[in-house]
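Taken in sequence, the protein lines are chains A and B.
One point on numbering: in full-length UniProt numbering, the residue at position 54 of the first sequence is 54, and numbering is uninterrupted.
One point on numbering: in full-length UniProt numbering, the residue at position 141 of the second sequence is 141, and numbering is uninterrupted.
Since the hints were derived computationally from the structure, they do not count as laboratory data.
Please note that the accuracy of each hint is not assured.
Per the computed footprint, the stretches of chain A lying under chain B, defined by three or more beta-carbons under 8 Å from a beta-carbon of chain B, are [claimed, not checked]:
hint: 1; region: 38-49
hint: 2; region: 55-61
hint: 3; region: 85-94
None of these values were measured; they are calculated from a predicted model.
C-beta atoms are modelled at their ideal positions from N, C-alpha and C, and glycine is treated no differently.
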Amino acid sequence: MSFQIVAEAKKIAKITLVGEVDSLSAREFQKEIEKLAAESPDELILFVENLSFISSAGLRVLIFAKQKMGTGLAIYIVKPQESVLETLEKTGLLHSVNVVDQYL
Amino acid sequence: MERKTFPGTLDSLAGIREVVKEEAQRAGLSKKAAYNLMLALDEIATNIIVHGYEETGTEGVVDVLVDHSDSQLTVILEDDAAPFDPLQRELPNEEFFARPLEERPIGGMGIHLTINAVDEFKYEFTNNRNRNIFIVKTSDA
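Use the sequences and the hints to build the structure in full.
Following this line, the structure appears as structure tokens:
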């Protein structure tokens, strides 16, 4: 029997957020998520090292992402600032995402 | 009390934050307390703009009043939209926050953040205007 191999690479969506996500910028964030959702990624990586503020409207986009991209989607949040991390914690979002120091 | 008037559109949010941030700094608010106040403001101002004005097809303003006295920083958002008391909405309970993301209703989170972000949050309807009042204690007694 001849050798067979099936390989499939994970589909990874990456977004970098810089500055402040309020209800206005959350709309742009949501549009990006909608675009990426069409590709049905397995992982969503958010680089947020330079994100200084995210309001509940921004956090709702994360919930939206999970609902839009499917429950199998893994969300990684890379290097959140302390205040951002705290908001994730207070809203109970922390146990639905993976907070990491770096994504390789 | 100092009053600043902003158009009732979402691009006013950054300016509203700026005004309050400056006053918060003068009042000596900790970074954390100031951040939480910004979260609360964004939530309530967004409600006013989106539900009060945008969705009803009306235009209006959001007035921001700030005052620092008697060891407290008071921020008031005033608007002319239809009367709306954000505290009348059902607050999310623990069960809500324990639910996995994919099963959560999208709303409800913001008002929880608002109430927990400041020492006191009040709503009143006076002179035909909505008044959302945020009070944060300062340490300058």
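Mind listing which of the numbered hints don't hold for this structure, in increasing order? 1
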